[in-house]
Amino acid sequence: MLTPTSRLDVMNRLGRAMADPTRSRILLSVLATPGYPAELARDLDLTRTNVSNHLSCLRGCGLIVATSEGRRTRYEIADPHLTQGLRQLLEAVVAVDEGAPCMDEKCACCA
Numbered sequence: 001m002l003t004p005t006s007r008l009d010v011m012n013r014l015g016r017a018m019a020d021p022t023r024s025r026i027l028l029s030v031l032a033t034p035g036y037p038a039e040l041a042r043d044l045d046l047t048r049t050n051v052s053n054h055l056s057c058l059r060g061c062g063l064i065v066a067t068s069e070g071r072r073t074r075y076e077i078a079d080p081h082l083t084q085g086l087r088q089l090l091e092a093v094v095a096v097d098e099g100a101p102c103m104d105e106k107c108a109c110c111a
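Residue numbers (our numbering): 1 to 111.
Source of the hints: derived by calculation from the structure; they are not laboratory data. Bear in mind the structure is a predicted one, so any value in this text is a computation, not a measurement. We put the beta carbon where it would ideally sit given N, CA and C, even for glycine. Check before you lean on any hint, since a few could be wrong.
[Said to hold, decoys possible] What follows is a list of derived Cβ distance ranges for each label pair:
| no. | residue 1 | residue 2 | range |
| --- | --- | --- | --- |
| 1 | ARG42 | ASP97 | 14 to 22 angstroms |
| 2 | GLY70 | ASP97 | 45 to 53 angstroms |
| 3 | ALA66 | VAL10 | 14 to 22 angstroms |
Assemble the whole structure, with the sequences as input and the hints as a guide.
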């Protein structure tokens, strides 16, 4: 059972992972189907180094796990509950005040 402290830790890990658009794209891809770094780089039009760095972060956040398959490594969501939760989160309707400016100058939501 999670304690309030560990729940806060989970929220912080999810927030950190999803705060970066590239990590979010990788997470969405791996949510759809387990992936391999070279394929993720190709499909998302990223460098392999960039993908590897973001995969490392997602692993550090505890959201994905790596499984060695000979010379390749497959990445997938770490827990079925997390898979279900992320899918439900994607179905959520977010209330956005159209008139309020975004607080993040780099954010693409207001472009």
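Hint check results:
no.: 1; hint: ARG42 - ASP97: 14 to 22 angstroms; result: 38 angstroms, violated
no.: 2; hint: GLY70 - ASP97: 45 to 53 angstroms; result: 51 angstroms, holds
no.: 3; hint: ALA66 - VAL10: 14 to 22 angstroms; result: 20 angstroms, holds
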